[in-house]
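Note that the protein sequences, when read in sequence, are chains A and B. Each residue of the first sequence is one higher than the last, beginning at 0 in numbering that gives the first Met the number 0. Each residue of the second sequence is one higher than the last, beginning at 0 in numbering that gives the first Met the number 0.
Careful: at least some of the hints might be erroneous.
Unchecked claim - Derived Cβ-Cβ restraints for the label pairs, each shown as a range: (1) B:E755 / A:A5: 19 to 27 Å; (2) A:L179 / B:V104: 40 to 48 Å; (3) B:R12 / A:A5: 58 to 66 Å; (4) B:L7 / A:P14: 55 to 63 Å; (5) A:R21 / B:S588: 23 to 31 Å; (6) B:E205 / A:R21: 46 to 54 Å; (7) B:D351 / A:L179: 51 to 59 Å.
What the hints assert, rightly or not - Partial chain B-side listing against chain A, Cβ under 8 Å, derived: (8) V269; (9) N510; (10) R648; (11) E810.
Note that these hints are calculated values from the structure, not bench results. Beta carbons: idealized from backbone N, C-alpha and C, even for Gly.
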Amino acid sequence: MARLIAKTPAEGLLPVEVAGVRLSEVDPGGLTSVAALGGADIGAALKAATGASLPGPGATTTGRGGARVVWFGVRHVLVMGPPVAALDGAAVTDQSDAWCTLRLDGAGARDVLARLTPLDLRPSSFAEGATARTLLGHMQASITRVEDDAYLILVFRSMAKTAVHEITEAMESRAARLRLT
Amino acid sequence: MRVEGYGLVDRARPVRFSFDGQGHEGFAGDTLASALLAGGMRLMGRSFKYHRPRGVFTCGSEEPSALMTVGDTPNVRATVQEVFAGLEARSQNAWPSLKWDALEVNDLLSPFLGAGFYYKTFMGPHRLWERLFEPVIRRAAGLGALSGARDAARYEKAFAHCDLLVIGAGPAGLMAALVAARSGAEVILADEGARMGGRMLLEDEEVGGLPGTLWADEVLAELAALPNVRLMPRTTVTGAYDHGTYGALERVALHLPDGDAPRECFWRIVARRAVLAAGAIERPIAHPGNDRPGVMLAGAVRGYLHRYGVAAGKRVVVFANNDDAHRTVQDLHAAGVRVAAVVDSRPEVPRDAPWPVHAGAVVAATRGRLGLEAVQVRGAGREIWIEADCLAVSGGWNPALHLTSHMGARPVWNEAIAAFVPLPGAVPGLEAAGAAAGVMDTAGCLADGLRAGKAALKALGRRTKAVSLPEAVAEVGGIDAFWQVQAKGRAWLDLQNDVTTKDVALAAQENFRSVEHMKRYTTQGMATDQGKTSNVTALAVLADATGRSIPATGTTTFRPPYTPVSIAAMGAGALGDGFAPQRFTTSDSAARQRGAPMIEAGLWYRPSYFPAPGEATWREASDREVGMVRQAVGVTDVSTLGKIDVQGRDAGRFLDFVYTGRMSTLKPGRVRYGLMLREDGHVMDDGTAARLNDGHYLITTTTAAAGQVMQHLDFVAQVLRPDLDVSLMSVTEQWAQFAVAGPRALELVNAVTDAEITDAEWPFMSCGAVPVAGVAGRLFRISFSGERGYEIAVPARYGESLWRLLVAQAEMLGGGPYGMEALNVLRIEKGFLTHAELHGRTTAFDLGMQGMLKSEGDFIGKAGAARPGLLADDREQLVGLRPVGAVKQLLAGAHLFEAGAEAVRENSQGYVTSAGYSPTLQSYLGLAFLKGGRARLGETVRMVDHLRSVQTLCEVVAPQVFDAGGGRMRG
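Chain A with its partners taken away, still in its complex shape:
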């Protein structure tokens, strides 16, 4: 019997490095959307399932096995890491294949993103662990600052190629400016 072969959303396109900024695809391990149903408080159940507490708007938390819980909308979080099968009081949906997970890092990563997203990325407004649903060019995106100079960027799987093109273009533009001085 044939066995299906898995392919990542940005397979064959990455990594790319330009002037000290790297763009790579990462395997989040799993992406599970968890939305609270009917006013349920899912904090305790989420803690039990992932080891992470429920993040507030614009925040992330971390839990067992590298789990990262990312605020994803009103009463809605995305668990990155070990898949969550079910959770009391919540609608749980597997989204592991729905998003392309990119990591942009290196000094200058912020300057690259500033060409693509209206988000205020200053450390005073977007500290490590901060997250936002925002725009990346014309695409919907989720952007999380995971380290001082490192960001996780989620875009729709179908748009992986466009995202890589746009981010690479911004990296090239920044690099061309650096060569001016």
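Given chain A's structure and the hints, the job is docking chain B onto it.
Showing chain B alone in chain A's frame:
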């Protein structure tokens, strides 16, 4: 002419460039204008309408006259463009040459070409207007022209955020930035100049005991070293928008030969507070002959001397109504430039000077064909001609308050400085300071900048660190408002649009007395400079002509952008692939490998057809693919359809509310077709609802309406029915889904699933989980082709692999992949709908689906759809069409007429929405909306396509022409 010992240009670095093909030399730090002036070039262009010779008038971004084409970019201001090695500039609006311009004849016709001339003159037949007058006028008048070539250069867009945005880096801006920066605020200091310092660079003044330029450099060095400051030179803040957002254009690499760096960057800067320290713009006095090359603003003449070490003439006459212009006299004299005369309209002016002073006098005329040769001074009852190659004029200074008008505020008149000043609070969060606020002395500007910086800090809730105020010149010169010289001859107001004082008087005479009407009638203040040097003088002349005061006359306001912004910068990144995101299915590369041409469906790309060896046209491929599905089995990617997870205790009730049918009664493992209406009773979308288990539905939408439906459902859940316990989640991207259709579909499905699929367990409209080649997948028994059909879904990572497996297996069964063309024919044969029919103006009644509107219980659109007008018998109703005459072609978009009626709009009976050739029935088939169509089956109508000149007689038939009973898909 260069003056030794003056200027901030780097004389050790000469720069070669060309103007109209002639080689010129400047220095690093020069602008095109300063380098040409240094070489003695005064003639730099021809005027818009009369083709009069024009030179440079200013030394800043307000320049109306010295516009050139640099490389492929027209209307570049020579006063802004920095020179670089190899720069090629060309003059505009002149033929055959700048010196001998054939259309100079327009100037002789000027008595007939005054304001509004073409409204009055060309009243003839409008065909003549389009074919003759307009093309002739357009050729005769104008500025630079676009090359027509694609702009391949890189441009950039970017965002920035700060606590305080300081606009302008002159004395006021530097003080505001300095106090805010020292106090820890995050500051962006933007200045349109290549070098920051503003007016300091153009004057010989001391600040804090240092030459002004050195003081500015010290402050800038301190700011540059601070981590909380971003200096943005060559950046013009072009617009003030809502919520503290400012547009700004940075000239990133326009001062360099083209390379791979972006030419320009369009910034959107979001600032909690802003200080507008944009300085002031000098204005001229309107006097006859004031447009000749060599006539310049007095502050610019001074500026060229100090900034570039350039004397604008050898013999200079200064004409002014204020004390500030006398600094030009003193500075020129000190530099050894001969001042031939000083003409001051004020009677009381000190006369004890080493140059001739004419008090209470005016310049009444000038002479010189391609450049100024002499001026006529009139005063004390006599007129004398004085030889001069430069006339430095000043009528006072207008605060550069433009940004404060960008939200609609009108500036207010300040009698003391005879100028308009900003209305406080005109733009929330923005405060003007220094000359932009009407403070005209350097000491005052420094103090006002410091004050504005402190005020911003207070508003930001920050403590202010002490900053001491440097000493500077505190004199404010006097001014007596004086706008125009009454004398024979044309006195120019707007050099860019060739508007004279007479044009304004004519506007008033013809009752265009409002300043807004005068502007439109004369075109004063339009085009690239937006009248920066002419607006206030023009309205003063209008005030005079209408016998009103200036405040009573009022002023036009300003809209963004402050200076021209290239479309290329605003649309940076949007060329080619950057135009819109591209969405690719998991089977995309496999389809392209088979040579499938892709067509766009929204942002998605879908295969049009899969060409086979020997096929010459798309029709051959499409016909083969249709036959394959009808006779064996076909596979197509349907992942682009919207898929929405609906979960929660009330999921069924929620779906009952948004669909016309009842979904709550659906059994787990079953699928139902559904219709969604808008509130107004028209159809929004159709699709299927599959009940995966008790509290879990999966609904599908069309590709086109996926976003709209998701938004609609979110709105319903959050706003209309917050009482329902339901959660909505798009899973469109999570699942790759493929339709398998045809008599041998079951064989193909069984070839890829790990569990046996049987008709007993999987009847028509069933669904459920199924293992697919080792992966947890889903199976839906639904059909959009009218054949036995299944849709198999797997997580998207396995999509490409499953696609290849399905295609390979299908080919072994005599089938293969099919594209959008075949898919479309298959569904037309069955009368199935797409957004060609669900185009937003059709109802369930029009579609013959009135029976799908449940009578029990409410749903969105129920009341709207019941309106009598939407149920009238003569509405256009969905029918099928088959050609019956000699012509066999049907075309979507064509209109329908009664067989004998004339094919004109009034007789239209409806229109064709979809058409295609059916190889199954060996005929074209169409779907159409026809007035009262359901009652007209069997009738013959005429299809007329005026665009493609096709007329076809058709028989009206039922929409479903193939297997109307549906036996094939129910199996």
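E205 (chain B) and R21 (chain A), beta-carbon distance inside 46 to 54 Å? holds, 51 Å
May I ask you to test the interface hint for N510 (chain B) with respect to chain A, counting a Cβ-Cβ separation under 8 Å as satisfied? Where the cut-off is 8 Å and the nearest Cβ of chain A is about 48 Å from N510 (chain B), the hint is violated.
With a cut-off of 8 Å, does the beta carbon of E810 (chain B) approach a beta carbon of chain A closely enough for the hint to hold? violated, 14 Å
Pairwise beta carbon distance, R12 (chain B) to A5 (chain A), judged against the given window 58 to 66 Å: Given a distance of about 60 Å, which is inside 58 to 66 Å, the answer is holds.
Is the interface hint for V269 (chain B) satisfied, with its Cβ closer than 8 Å to some Cβ of chain A? This interface hint holds because 7 Å falls under the 8 Å limit.
Please test the hint of 19 to 27 Å on the beta carbon pair from E755 (chain B) and A5 (chain A). About 25 Å separates the Cβ atoms of E755 (chain B) and A5 (chain A), which means 19 to 27 Å holds.
Is 40 to 48 Å respected by the C-beta to C-beta distance linking L179 (chain A) and V104 (chain B)? holds, 47 Å
For the hint 23 to 31 Å, verify it against the beta carbon of R21 (chain A) and that of S588 (chain B). This hint holds: roughly 25 Å between Cβ atoms.
Close enough to count: is the Cβ of R648 (chain B) nearer than 8 Å to one in chain A? Result: holds, 7 Å to nearest chain A Cβ.
Can the suggested window of 51 to 59 Å be confirmed for the beta-carbon pair D351 (chain B) and L179 (chain A)? holds, 53 Å
Cβ-Cβ distance between L7 (chain B) and P14 (chain A): within 55 to 63 Å? violated, 46 Å
The structure is inconsistent with the numbered hints 4, 9, 11, although it conforms to all the rest.
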